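Participant: This is what each chain is made of:
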Amino acid sequence: DVKVTQSSRYLVKRTGEKVFLECVQDMDHENMFWYRQDPGLGLRLIYFSYDVKMKEKGDIPEGYSVSREKKERFSLILESASTNQTSMYLCASSLLNTDTQYFGPGTRLTVL
Amino acid sequence: GQQVMQIPQYQHVQEGEDFTTYCNSSTTLSNIQWYKQRPGGHPVFLIQLVKSGEVKKQKRLTFQFGEAKKNSSLHITATQTTDVGTYFCGTSGSARQLTFGSGTQLTVLP
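Chains A and B, in that order, give the protein sequences. Per the working numbering, the first sequence starts with residue 1, numbered consecutively. Per the working numbering, the second sequence starts with residue 1001, numbered consecutively.
Source of the hints: derived by calculation from the structure; they are not laboratory data. As the structure is a computational prediction, the values presented were derived from the model and not from experiment. You may find that some hints are simply not true.
[To be verified] Every beta carbon over 10 Å from chain A, so not counted as near; a handful from chain B, in silico: (1) 1014; (2) 1020; (3) 1052; (4) 1082.
[Said to hold, decoys possible] Only pairs whose alpha carbons sit at most 30 Å apart, straight line, appear in this in silico DSSO-like list of lysine-lysine: (5) B:1057 <-> B:1070; (6) A:3 <-> B:1057; (7) B:1036 <-> A:71; (8) B:1036 <-> A:55; (9) B:1036 <-> A:57; (10) B:1057 <-> A:57; (11) A:3 <-> B:1056.
Don't be surprised by glycine CBs; every beta carbon is placed ideally from N, CA and C.
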């Protein structure tokens, strides 16, 4: 089975802090994705990557950056956290040229 | 990018009743995927439809893709408490990124 893990289930940070969310997948997937999930808005794509050191902006990239130094790891970075970034963050991965995505358990981030 | 509208946002049913959620787009979709997210869990892939008019079944779940490939539905027959969760439709773009609908949260009353 595909396993996608995220570094924390719950995280509390203060406004202005730099925040790193880590995602690791163990199935050699080329594609990796970061979403945020908010009530009534569904899942919105922040960034995605289809190869090491490659990144593409999703629908809501503002305030975020990403890093993919190794194939299995995709990091989401909040350079200066703000309260409107309080949300559930979900990482997903998929094989190249396939559509099925496998999600991690999510990180619930609260920014105070 | 492509947008998909999903209705209803919430649905409460008595156990044993049927349930349907709809996904609509103003543009032709290359495919439609359905995911289920249990309370406190993460989205889990259910199925993908790619052909016009396609119908697929998984036990009590029936998935349809419209003839014009602009809409899709998920129908659950005789709901059970294990069906509780949020059901999302999504469609993939050229780079395999998914655009999701806002989801339908299903509550099943015993």
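Participant: Are the hints correct? Go through all of them and say.
Facilitator: Going through the hints against the structure:
1. 1014: 24 Å, holds
2. 1020: 18 Å, holds
3. 1052: Residue 1052 of chain B clear of chain A: closest Cβ-Cβ about 17 Å, beyond 10 Å.
4. 1082: 19 Å, holds
5. B:1057 <-> B:1070: Answer holds: residue 1057 of chain B to residue 1070 of chain B is near 20 Å, not above 30 Å.
6. A:3 <-> B:1057: This hinted pair holds, its Cα atoms lying about 26 Å apart.
7. B:1036 <-> A:71: Given that 30 Å is the threshold and the Cα spacing comes to 27 Å, the pair holds.
8. B:1036 <-> A:55: Roughly 27 Å between the alpha carbons, so the hint for residue 1036 of chain B and residue 55 of chain A holds.
9. B:1036 <-> A:57: Holds. Residue 1036 of chain B to residue 57 of chain A sits at ~25 Å (cutoff 30 Å).
10. B:1057 <-> A:57: With Cα atoms ~35 Å apart, residue 1057 of chain B and residue 57 of chain A exceed 30 Å; violated.
11. A:3 <-> B:1056: Given that 30 Å is the threshold and the Cα spacing comes to 27 Å, the pair holds.
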